[in-house]
Amino acid sequence: MILVGVKLYQVTLGPVSSGGAPDFTLTTFEGESHTLSDYQGQVVVINFWASWCGPCELEAADLEQAWRDYKERGVLFLGIDYVDTETEARAYLQKRGVTYPNGPDLRTAISQAYRIKGVPETYIVGKDGSVTETIIGPTDYARLTAILDRLLNE
Numbered sequence: 001m002i003l004v005g006v007k008l009y010q011v012t013l014g015p016v017s018s019g020g021a022p023d024f025t026l027t028t029f030e031g032e033s034h035t036l037s038d039y040q041g042q043v044v045v046i047n048f049w050a051s052w053c054g055p056c057e058l059e060a061a062d063l064e065q066a067w068r069d070y071k072e073r074g075v076l077f078l079g080i081d082y083v084d085t086e087t088e089a090r091a092y093l094q095k096r097g098v099t100y101p102n103g104p105d106l107r108t109a110i111s112q113a114y115r116i117k118g119v120p121e122t123y124i125v126g127k128d129g130s131v132t133e134t135i136i137g138p139t140d141y142a143r144l145t146a147i148l149d150r151l152l153n154e
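If you're matching positions, the sequence shown starts at 1 in the working numbering and goes up one per residue.
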């Protein structure tokens, strides 16, 4: 009975929107490991997506452009592929020219930690390791870069 209550409480919480970002290690499709806590002191953009997600396609080019424009300023982008096949995910990334690190959310551990409700969802982690922005649904270049500029100037 208590476990059911805890699970219902977690479901009603909604996505992580503030506070310390849940730590995780993402192994990319290329075999590289990225642990979020290793990037303390940097701004990190975490984007949950899937190859079958139509709205994800709307933001893919803007995310890639922001990555290219901000990586030299120390901003890390991590793409987390949600409930997908590796073949479809790799084809999606190649077709859209996505070059920032991406990997599968095996056993949905990362998406559960962030309590995502669907894709796309984007979380921006500030230099202090806290979630400073949560974007539900597709984002765009102007919105994303305005947030990044603000965080980089803090």
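There's no promise every hint is true.
What the hints assert, rightly or not - Subject to a maximum C-alpha distance of 27 Å in a straight line, what follows is the list of computed DSS-like cross-link-like pairs (lysine-lysine):
(1) K95 to K127
(2) K117 to K95
(3) K117 to K127
(4) K71 to K127
To be verified - Quick list of the computed label-pair ranges, beta carbon to beta carbon:
(5) T35 to D69: 30 to 38 Å
(6) R96 to S33: 20 to 28 Å
(7) G137 to E88: 15 to 23 Å
(8) D23 to L152: 34 to 42 Å
(9) S130 to K95: 28 to 36 Å
No wet-lab data here; the hints were simulated from the structure. Ideal placement from N, C-alpha and C gives every residue a C-beta, glycine not left out.
query = Is K71 close enough to K127, meaning Cα to Cα at most 27 Å?
reply = Answer holds: K71 to K127 is near 14 Å, not above 27 Å.
request  = Could you check the hint for me, namely that S130 and K95 are 28 to 36 Å apart, CB to CB?
outcome  = holds, 34 Å
ask   = Given a hinted range of 30 to 38 Å, is it respected by the beta-carbon distance of T35 and D69?
value = violated, 25 Å
task = Quickly compare the C-alpha distance for K117 and K127 to 27 Å and report which way the hint goes.
result = holds, 25 Å
message = 34 to 42 Å was suggested as the range; check whether the CB atoms of D23 and L152 agree with it.
response = With a Cβ separation near 22 Å, D23 and L152 fall outside 34 to 42 Å, so the hint is violated.
query = Has the given pair, K95 with K127, been kept, meaning a C-alpha gap of at most 27 Å?
reply = violated, 32 Å
ask   = That 20 to 28 Å hint for R96 and S33 (C-beta), does it hold up?
value = Roughly 23 Å apart at Cβ, these two residues keep to the hinted range, so it holds.
ask   = Taking the beta carbons of G137 and E88, is their distance inside 15 to 23 Å?
value = Since the Cβ atoms of G137 and E88 sit about 21 Å apart, the hinted range of 15 to 23 Å holds.
message = Next pair to validate is K117 with K95; report whether the Cα-Cα distance is within 27 Å.
response = Holds, because 26 Å separates the two Cα atoms, which is no more than 27 Å.
In summary, the numbered hints that this structure violates are 1, 5 and 8.
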